[in-house]
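Enquirer: The residues making up each chain are set out below.
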Amino acid sequence: MNDAIPVLEMRGVRKTYGITQALKGISIQLKPGRVYGLVGENGAGKSTLVKSMCGAVKPDEGELIVAGRPVTINSPQQARELGISTVFQELSLIPDLTLAENVQLQRQSGWIRGRRPRITYATEVAATWGLTGVNVDTRIDALSLRDQQLAEILCALNRPHRVLVLDEPTSALLPADVEWLHAVVRRVVAEGSTVLLITHMLEEIERFCDEIYVQRNGAIVDHVDRADFDRGQVIEQMIGRSLESAFPPIPPIPSESEVLLEVSSLSTRGLLQDASFTIKAGEILGVAALDGQGQNDLFEALSGDLRSTDGSVRLRGLPMRLRSPAEALRPGGGRAGIALVPAERKTHGAILDLPIRKNVSLPILRRLGGAFGLRDSKETEAVSTLLEAVQVDRLKIDDPVRSLSGGNQQKVVFAKALAGDADVLLLFDPTRGVDVGTKYEIYKLIAGYARAGKGILIYSTEIPELVNICHRVLVCYHGRLVAERHGAELNEHSLMTAAIGVIK
Amino acid sequence: MRALYRPGLRLLESGLAVPLLFVLVLMTIYVSASPNALDPSQLKYTVINASLTLALAAAGLAIVVLIGGLDLSSAGVIAVTNALLTVNYGGSVANQFLWIGIAILVGILSGLFNGLIVHVFQLEPVVVTLGTSFILGGFALLILPKPAGLTPVEGFSPIAFMTSDIAGVPIGLLVLLTITAGWLLMRRSRFGSQLMAVGSDKEAASNSGVRVGLVSIGGFGVAGGLYGLAGIAITSQTSGGDPNLGSSYLLGAFAAVVVGGLKLGGGRGSIIGAILGAVAVTIVINVLFVLGFASFWSTIARGVLLLLALGVQSAITVLLLRRRRGQSITVGGLS
Amino acid sequence: MKQKQRIIWGLALASTVMLTASACSSSTADGTSSADAADGYEIALSMSYSGNDWQGEAKNLVLAAAQTQPLKDKIAAVDTFVSGTDAQAQISQIQQMIAKAYDAIVIYPISPTALNNVIKQGCDAGIQMFTYDASVTEPCAHNVTFDQAEAGKVTAEYLADLMNNTGNVVLITGVAGTSVDEARTTAAEAVFKERGIEVLDTCAGDWAQGPAGECMSRFLAAFDNIDGVWAQVGGVAIPDAFDAAGREYVPMIAESANEYRLRLQDPEYLAKGLVGGSYGAPPFQGAAALSMAVQALEGEEFPSTIDIGFEWVPQADLKMCATGAIEELEAGCNTFPADLVSTGFMADWWSPEWTPNISLSTLLNVEE
Amino acid sequence: MTTTAPVGEKNLRDKTSRLHKPQRRGLLDLGGARGAVTAVWIVLVLLYIFILIFRPGLAQLSSVQTIVVLAAVTAVAGLGQGAVIFTGGIDLSIPWIMSSSAIVFASIAQGEDGNLIVALLAAVVIGLLLGLANGVGVTRFGIHPVVMTLAVSAILEGGALGWTGGLVTGSPPPIVALFMRGDAGSFPMVIPALLLLAVLVSFVYRQTRYGRELQAVGLNPTASRLAGVHSKTIITSVYAISGVTAALAGIMLSGLAGQSYLGMGDPYLLTSVAVVALGGASFAGGRGHFLGTLGGALLLSALITVLMTFQLPEAIRTIAQGSVILIAVIAAKVGVRPGKRKNSDGIKSFRRSREKAIL
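Residue numbers (the numbering used here), protein chains in the order written: chain F, 1 to 504; chain H, 505 to 839; chain A, 840 to 1207; chain Z, 1208 to 1566.
The hints are simulated quantities; they were obtained by calculation from the structure and are not laboratory data. Just so you know, not all the hints are guaranteed correct.
[Stated by the list, open to error] Subject to a maximum C-alpha distance of 30 Å in a straight line, what follows is the list of computed DSSO-like cross-link-like pairs (lysine-lysine):
#, chain 1, residue 1, chain 2, residue 2
1, F, Lys444, F, Lys378
2, A, Lys992, A, Lys1111
3, H, Lys767, Z, Lys1540
4, F, Lys24, F, Lys444
5, F, Lys58, Z, Lys1540
6, Z, Lys1439, H, Lys767
7, A, Lys959, A, Lys939
8, A, Lys1032, A, Lys959
9, Z, Lys1439, Z, Lys1540
10, F, Lys31, F, Lys58
11, A, Lys1158, A, Lys913
12, Z, Lys1439, F, Lys378
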């Protein structure tokens, strides 16, 4: 088997975005009939690798060899013609078209005219792959996230697939769906095709894959067979150092510490129901949850981005009216408020085309006024202090945020959140797509802020992170806070168990 | 039950319900106030022919709107084709058809030009079409410096035919039906789905293997062709040319498209909606006329109609279509 | 929740607007008020646009003529309708007038050819179809108009005389791409050529003071050898442009705006050297068309084109009116005091033949 | 302090400064429009040199003065249009706000200087209210800017026709004409006023909280909102500004024309958009500056006048105008980001966030 000609090979592929080297000379070989796993931290360049394989991104350098023939792939269309079929991490179905139409559109050849034949066809295709109860005449944007993901996988399967690339296919799936996907992958390789699975769930890697590639910082650092797979070792390779040293010590909560934030039975129109908890001064409170369990609503409601339907929030004993982020940041009466570091750094966190200065000073412009409008000197001083605090070169103050690396962009977002000197800092997945060095700096920042007597609420997709930097972790499941772990109970296993809804 | 429910829901989803409702309500008022409005020749003149040019222009604009753009060049294309036809039309039937073909071709070419510039330089369609609308307007004036009539044609004239009728059936209606049929065919074709995909989400479309550039250039081309047809329609309607006539269709077409339930920004709606919207915008003037309103009310009514259409449309979206996103798909073993 | 609220508010707002609209309309719906009472002909007036002084004045003259003798007893109602700048709207409007079976339709046509089909239908239905000012090519219609080329010729000759047949002239034309503009300008250009006067340039003044003033300002910026201005509109804006540029007035021809005629008699302007003449398309053409329509209904025959002439007033023939009473008008006064009329008022509205019993106050106080 | 930067980034730093020119803050802050604005003014200078060589008559002070005065109306209307475009919208109601406020202004003023203040206030308040109506429709009801402003425009058009019956009574007071034209060759006050406006707008843009928040909202309303900016209020305000500037432009035009009439604003529908485009603004929002719009207005005005001296027919002039707009936007695109397209990821999620923010 190992002697077979690789169906897809990459040799020395490089890709640079601005100053970020996303791929630093990647070489991999995918052979027919096997399932490959690609693991790596967020921001290791996995998605760029996938995109350069399927034509969404054009590599700067390097060779792509499909079935022994060097090719250049300029468009997703071309990749498809070569038999590379991809399920993207960001869903790529057309929201305004029905599922049946999407199945059609994604198909390589042939076009079925008429609605009814199309529906019949799509239903049949779905049934072949074991999906039933599908209303294929529904528009994609009327489907749930899980159904959209299943639809996406279905569309990829319905194309000719010499290589099936699955980029984080299970993020919105239920456990039963993962079983289904396992069966699907087995069937695909049994038919002689190759599967490349990108995921951060090591359990899935262990279950699905024959060979595993480990990617770190834009380079492939290891390639192991399933038989030699060792979780601890792979994790170390992924993050480039051992787990213990990756986190700074957590500052203790002073015993006489007062309650800073008091949330009682907070509910939203979306998912969140009846959330109640408190944060003390100096406390780092974590939230663990699988995707889409209501944690977004919780953070949005607390930051004023989303109106709550019920419940109350008190900050230092005084009630907060959270009707807009402005009110969360500036509760009035000169009090400090609640600041948010949002999940989407590039679209929600920073304004990429504005200089760092204008980004960081945006929430505190009120304080920088003088007789003739904004005072440049005051602003430079305030922004420089903040940049120093987050360790970004203060000489870059007038550079656009876009010109910074991902990690530094995130630090600017932090500086912006810190600017208002908020009592409570909400951090939604603050280390996503950030390199290891910066991650450590961010942890130190968080610890430092807590040491200064502020409260922190942090959500992270990476459970080890929560275990290692939080005093206490709440678990959110189906819109409710179902568990709380602290002290000895606070470990990866117990959090994961609670997060998937299995509570002792 | 389900069988009945689905088509209704689909109608609501497609955005056609609003223009259909408006046309029906307005027609009812119109007919009840002026009973002879249903007379075939009345219908032909005051409804079909009156809205023909606007409907064609709106249909063209609708395509650009569907792919997520805004097009200001409709007036320019109409003016140029109208001018071209006025100057050159006549002679043998073959020659007449030749110039009709040329008119449509000019429309398609200017559409392709717009699309090409928009795509190659990644510019906003509004600015590009603003520029081309000036240029086209200038060309119209260059070709036809003053209004003129068509050279009278002996015997059969395809241009005059467009606003006449066969056995009481207005040709304009047939033209609109043909466009509708063409749209339905196109909508069911790969190109049609790709067109909607581009308007719905360019990136997803590209990831789905749609050649976004080609499709949007093609869309602009089709739109241009429809503007060209609108130019022919106005030439037929007025049996002449006037370099300044096109301008009144610019804002009218936008109104028709919005009343027609299309979503500005792309991906939702249909040409049928735009055509119905154009009819609604036209009949509202007739209705005000027969009800004895002063003329200035017709402009005001157009504005109110716009807002009303949008209100009803979003009421439908929110009150009827916002269903809980259920987890409907069941996974099973592989066969 | 929020979305729903927003929509309910939106609908409430929209319905309020609609209600207000319909409430207002009952008071402003035109035409119908006078329709039922008296016996006589029912006549419709279809205008393409009423957004400027000339159009508004022409409309009011039609209404005033219908409300004064000799037409008062013969006409039951004149219903006016404005279709806007859209040819198909006017076509569809006339179509409905035909359906309503008016006795005669008086039209200000939007284009010389666009209305031909529908006018033919009107004729076939036995309705008298009259157009005014602009004409249509349909032979069954009666075009009440004047000789545009003649107007261009006469005024250009006068200007050439003032310029002693030498020097340079600039032309400020009307809306580019209209036949009226084309006819006048071509005729004027021919005269200048014949007289050896060079036309420096032409600019579209769009028959409005704003664009005409802009044209003149640009001319003054571009040329320093202008010896005469031949304009279709711009009597107010052109001297202003000269003032602004600090340049000496040159002989000029412009429209029959009252304001311009006032200036041609104003000592202050005369001292600065304002020389010129005033002419224009007479607003009484509509009233004339109405009168002829009534006569046609009474059995008189009219040719397809009726030239009713235009008023050309050289500076020397200008004469102030005190109040605009009929006696004064009959005595030949042709300029009105500024405090009686609006700035854009056209002074050449009165005609002994077509508006004999309309005084200025009748015109200004006419009811819809 | 630089010692803390991760090693990997250090050697990249030099590269950074070459790739992304830092937007150093001088007296002027043009944001992302710096290149385009500079380009417009350079072209303007080139055109002036061209005039000096080939049409020296046009280069004299009085001619330049005329060109500037005629550009002033477009520039003021373009200020509002530009502000709206800066937030990713477009205002199609400018022509009829211009006409209606100018008509109200003339009717109240009745040609008397004494009535100036009342008339001016009334006209500006009308513009403000109409602009606010647009803004509220766009932000609170989530109506697309094209639809909202088109509807307001249609209602105004009918309303103005109904109210006046086609005959506008009254006229602008002579002082407005004096302001626009000057007296017997004296300097028209509109030119220093325009300069003052440019300084004021530049000051607000660079030096005030409103200016800053507007820059942020124009680029990304969602992120701005999360940073505590009242994005909707800011967006509403630009429509209000557009209403006010349209009213002012209408008054200025009435001064230039010596009267107000229906449809006087009609040519400004496309020209107000055109000068903003010439000024290098991005129609997706977030890039543009009044100095660019002003340059664009001057360029267009000068160009028309120059073309006039070549005795080209109206048709050719229109074609030239259109071509200049096309060439300008293409040049701005090619010049500003040579050979590099925006990260499409960014655009997509940004569009979505914008939609969310507006709706």
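Enquirer: I'd like to know which numbered hints this structure contradicts. Please list them from smallest to largest.
Expert: 8, 11
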